[in-house]
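S.K.: Here are the chains, one letter per residue:
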Amino acid sequence: MDDQPAIRIADARKLYGSGEAAVRALDGVSLDILNGEFFTLLGPSGCGKTTLLRLIAGFETPTEGRIHIAGADVSDDPPNRRPVNTVFQSYALFPHMSVRRNIAFGLEMLGRQRGEIAETVERMIALVQLSDMAERTPTQLSGGQQQRVALARALAPKPKVLLLDEPLSALDLKLRKEMQLELKRLQHETGITFVFVTHDQEEALTMSDRIGVMRGGRLLQVGSPREIYNHPADRFVADFIGETNFLSARVEAEAVVLQNGARVPLASTRTPGSMVTLAVRPEQVQLRPDGPIAATVRQVVYSGTDTHCYAALSDGTQIVARLQNPPSGEVGLQAGEAIRIGFAEDAVQMLDD
Amino acid sequence: MAAPPRSPARTSWLLSTPALLLLIFGAAGPLLIVLVYAFLEPGEYSGVVWQFTTEAWFRVFFERDIFDGTVSPADAHLTIFWRSLELSVLTTLTTFVIGLPMAWFIATRPANQRAIWLFLITIPFWTNLLIRTFAIMEVIRNQGILNSLLIRLGVISDPIQILYTETAVLIGMAYVYLPLMVLPLFAAIDRFDFRLLEAGYDLYASRWQVLRRIVLPIVRPGIVAGSILVFVPSLGAYVTPRILGGGKNMMIGNFIELQFGQGRNWPLGAALSLILLAIVLIALLIYVRVTTREDSRHG
Ligand SMILES: Nc1ncnc2c1ncn2[C@@H]1O[C@H](COP(=O)(O)OP(=O)(O)OP(=O)(O)O)[C@@H](O)[C@H]1O
Ligand SMILES: [Mg+2]
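Residue numbers (full-length UniProt numbering), protein chains in the order written: chain A, 1 to 353; chain B, 1 to 299.
Check the hints yourself; a few may be wrong.
Among chain B residues calculated to face chain A with C-beta under 7 Å, some are [stated by the list, open to error]:
#	residue
1	I24
2	E138
3	A205
Simulated coverage check for chain A against chain B, where a stretch passes if three residues somewhere in it have a Cβ under 8 Å from a Cβ of chain B [to be verified]:
#	stretch
4	67-81
5	106-113
6	232-243
Don't read these hints as lab results, they were simulated from the structure.
Every residue, glycine too, gets a C-beta built ideally from N, C-alpha and C.
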C-alpha cells in the first residue's frame, strides 16, 4: 500500500467554456506524485498550474481523465470529502475567527473529539510559532503571520496531501526566503506530501524533490531539480529554467557543425545530416585557446562572484559565458577581443529541432 | 501671537445649532406632548382635560367594569400587542428567508447586471403604499388571481379564505418591507469574500456548515440591520393590517388610531404610543449591542 503514489492523475483534460470560446486549460496531463515528496508545478502564467491544483482539490471537475488520491478514485468526490487541504494564494482566512478557531475549523468539521482538537491546535500553533497571537483575528496579523495561520489551518487535519498555490508570492523577498525554509521544515516534520505551485524557477529548484514543468496545459518534463536543470527535455524547459545558450547545428559523424562552419567534436547517436539545437549553460562555457569556436567579445559585465562575458560568433549568434572571478577580480577580457570557446562534452545538451 | 482661535468645540456647537433646533421642535417637542397627554384625563368628545391622572396607563393593562367597578386584566389589549409582536417577528423572518437568497443572487451577478436587479427590487418602493396593498388584495381575495389559478389547476375546489386573516397581513407586510431586508443583506454579501466558501469546503465543511459557520456570521451586520429596518415599521404598521386584516386583526397602530378617533381617548392613545416606542427602543438597543460587539471582535 505504501508505494501507492499519493496522487495519480490520469490523462486529465480541462476545458473552460464550450464551443468556439472554450479555453483548453489542461491538455492531457498524466502524473504520479509520490508519498511524502515535495513536488513543484512550475510554468509561466496561464499554463494551467492552478487549474491542475483545483482539479486535485475538487474545486473543478476534469472534462476528461481521472484523479486518484492514495489509491482511491476521487474524481467524483466534492472537495469536502477529499483528504487534501489547500493553502490559498490569498490565504482565505476566516475573518470572524481567532487564529485558534481558524486552525480548529477543519478538525471541528471532521467531528473530532474536543480534547483531540485542543491538543492538535496547540501543537500546530507551536509548529508555526504563533503562540503569542493565538487569540488575534487575521486582520491583526502581518502577511507572513497570516501565511503561517493558513499553513497551520491546512496542516491541522493531517491531510494526505497539502496543496499550495503560489503561497509565497505576496511576501517580500526576505520573508519569502524565510518561509521557503519554513515550508521545507514543516514538510520534513509532518511527512505530508506537498504539491507546490510557483512560476519562480529559483524557488522551484531550491525547494523541490521533483519538479513538473508545464506549458500551455501540458506537462513538458518531470524530474529532480538536477535532471531538469542539467538535462532539460526541450528548448522551452532549458530556457525557462535558468539562462541557456542555444546554438543551431548539423550532425556529422563524431562532430556537429555550427551555422558559421565551426566544427565541434561531439559524439551522438543521431543520423548524420539532421539538425539539432545545442543547449549550454553559461557557467559551462569555457574560454580556452584550443577551443573549436571562434568568437569576439562584445561586453564584459562584472557581478560580484563572477563575470558575464557576452560574445558573438562570426554569423552573429550570441553566446554568454559565466566566468568565476579570480581573487584579483579581473578576468582580463576586453570588448573587441578575439577569443576561442569550447565546452566539455557532457555539458552540452542536444535537443531535437 | 494673534488672538487665540475660537475653541473647536464652540465652533462645532454653533454649526450644529440648526440641527439641534430641528431635533427639539421636530422630535423632542411632539414626544413631550405625547408624554404629557398620557398623564391627563380624556376630554368628552376628543382632546384632553388638564387634570393629572395615571388612569391611561392603568387602562393599558386593566379593564374596569362599568357597572360594578371590578378590575380585570385587559386581555384584548394584550392580544393586540401579542399579535403585533408575532406578526412583526414573522414578517422579519419571512423577509429574511426570501431576502437572503435574493440578495445572494444579486450579489453574485456580473457587476453590470446588479444595478438592474437592485432597481427592480426597489420599484415597488416608489409606488404608493395604498396601491401596493390593494394590489396584494387583488391577488389573495377569494375571486383573486391566486385562488382562480389554484382552482383552475385543480389544486383546490373552493377558494381559500386568505383575505382578512392574519396570514393576509403577514403576506402584505412581507411584500411591502422586503426591499428593506434585501438592500442591507445585499450590501453585506457584496463585501463577502467568496473564496472563503472554497476554504470552507476544503476544510471538510458541508454546504449547511459553510452557511452557518462562515456566511451567516460574516454577513451578520447586514442581517441585523435588515431585521431592524423591517421589524420597526412592521410593529407600527397601520395601513396594511387595516386593509388586509379587516376589522378583526387589529395591530397596535390601528388600535392607537382608534383611540384618537372613535375611541375618543387621547391619553390612552398616547400611553400606547409610548409603549410602542419603548419596544422599538429596546430593539434598537439590541441592535447597537450586537453590532458593536461585532466591531470590537473584528478590531
Ligand atoms: N474559470 C475560468 N474560466 C475560463 N478560463 C479560465 C478559468 N480559469 C482559468 N482559465 C484559463 O485557463 C488557463 C489556465 O489558467 P490557470 O489559472 O490554471 O493558470 P496558472 O498556470 O495558474 O497561471 P498563473 O501563474 O497566472 O496563476 C488560462 O488561460 C486561464 O485564462
Ligand atoms: Mg495560478
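S.K.: Hints first: check each against the structure and report whether it holds.
M.R.: Consistency of the hints with the structure:
no.: 1; hint: I24; in the structure: violated, 41 Å
no.: 2; hint: E138; in the structure: violated, 45 Å
no.: 3; hint: A205; in the structure: holds, 5 Å
no.: 4; hint: 67-81; in the structure: holds (count 4)
no.: 5; hint: 106-113; in the structure: holds (count 3)
no.: 6; hint: 232-243; in the structure: violated (count 0)
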